[in-house]
Amino acid sequence: MTKKELSKRYGLFIISLFFAALGVAFTKHGELGVSPISSIPNVVNCKFSAISLGTLLIIWNCILIIGQIIILRKDFKLIQLLQIPLSVLFGVFTDIGLKIVSPIPVSNYFLRISMVAVGIIIMGFGISLAVTADAVLNSGEAFVKAISDKWNKNFGRVKIAFDISCVIGAIILSMWFFDFKIVGTREGTIISALITGIFVNFFFKLTNKPVTNLLKKQ
Numbered sequence: 001m002t003k004k005e006l007s008k009r010y011g012l013f014i015i016s017l018f019f020a021a022l023g024v025a026f027t028k029h030g031e032l033g034v035s036p037i038s039s040i041p042n043v044v045n046c047k048f049s050a051i052s053l054g055t056l057l058i059i060w061n062c063i064l065i066i067g068q069i070i071i072l073r074k075d076f077k078l079i080q081l082l083q084i085p086l087s088v089l090f091g092v093f094t095d096i097g098l099k100i101v102s103p104i105p106v107s108n109y110f111l112r113i114s115m116v117a118v119g120i121i122i123m124g125f126g127i128s129l130a131v132t133a134d135a136v137l138n139s140g141e142a143f144v145k146a147i148s149d150k151w152n153k154n155f156g157r158v159k160i161a162f163d164i165s166c167v168i169g170a171i172i173l174s175m176w177f178f179d180f181k182i183v184g185t186r187e188g189t190i191i192s193a194l195i196t197g198i199f200v201n202f203f204f205k206l207t208n209k210p211v212t213n214l215l216k217k218q
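The numbers in the numbering used here rise by one with no breaks, and the one at position 12 of the sequence shown is 12.
If you're looking for bench data, these hints aren't it; they were derived computationally from the structure. Treat the hints with care, since some could be wrong.
Claimed, not checked - Now the in silico label distances, taken between C-beta atoms and shown as ranges:
| id | residue 1 | residue 2 | range |
| --- | --- | --- | --- |
| 1 | Asp179 | Lys3 | 52 to 60 Å |
| 2 | Ile79 | Lys216 | 16 to 24 Å |
| 3 | Tyr109 | Lys153 | 34 to 42 Å |
Said to hold, decoys possible - In silico DSS-like pairs for lysine-lysine, Cα to Cα no more than 25 Å straight-line:
| id | residue 1 | residue 2 |
| --- | --- | --- |
| 4 | Lys77 | Lys4 |
| 5 | Lys3 | Lys217 |
| 6 | Lys47 | Lys99 |
| 7 | Lys217 | Lys8 |
| 8 | Lys145 | Lys205 |
| 9 | Lys205 | Lys217 |
| 10 | Lys8 | Lys216 |
| 11 | Lys3 | Lys216 |
| 12 | Lys159 | Lys77 |
| 13 | Lys145 | Lys159 |
| 14 | Lys77 | Lys145 |
| 15 | Lys3 | Lys209 |
| 16 | Lys8 | Lys209 |
| 17 | Lys8 | Lys205 |
| 18 | Lys77 | Lys153 |
| 19 | Lys209 | Lys4 |
| 20 | Lys205 | Lys216 |
| 21 | Lys181 | Lys47 |
| 22 | Lys159 | Lys74 |
| 23 | Lys74 | Lys150 |
| 24 | Lys4 | Lys217 |
| 25 | Lys216 | Lys4 |
| 26 | Lys3 | Lys77 |
| 27 | Lys153 | Lys74 |
Even glycine gets a Cβ: it sits at the ideal position worked out from N, Cα and C.
Turn these sequences into a full structure, and let the hints guide you.
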């Protein structure tokens with residue numbers, strides 16, 4: 001792989017981060033819950049609204065990176081530290097996305113569920129671009145891969161277990177913060193968990209070949 005192609009792939013990955021973050025912003029604005037991996041920062045944001053969701057996502061992603069280092073130890077590759085600046089970008093993009101969507105009214109349930117739907121579609125598109133870029137894993141996927149590699153477990157099953165753990169953790173935090181009420185983790189989280197992958201596959205099949213050709217074009 002040439003340096004030019006590699007730079008293109010990282011550029012595409014940054015673009016993919018923006019769309020994924022914008023998708024998170026749409027689902028957050030719908031107030032029906034966000035994706036499983038973002039659910040814990042979202043609940044904390046509901047409690048401590050002075051701290052932006054983007055900032056909390058940066059902290060959460062850094063925790064996941066530390067988790068990778070603890071799990072992999074000497075097998076952790078220094079290139080994976082690129083996850084840190086990319087996580088910061090994702091957090092910044094999320095806050096920008098929230099400002100973009102803030103004027104959109106969510107005065108009734110139909111508008112809220114529509115925001116979730118649009119957010120999932122945009123997120124699916126962003127993730128599909130990240131898969132095509134094939135540059136570096138985001139911290140959540142990298143954390144799952146670290147567990148999968150360390151203990152020789154199926155990646156897909158570990159991913160499902162991780163997502164479920166995030167949702168359970170978010171619910172426990174919510175009940176602790178809000179007197180046994182579930183806040184910030186609702187049907188939007190479940191819908192996101194069930195159908196985001198469908199849109200990822202759809203957009204990947206649609207864009208992978210032409211985008212890959214652009215990446216390899218000199």
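Violated hints, by number in ascending order, as checked against the structure: Those not satisfied: there are none.
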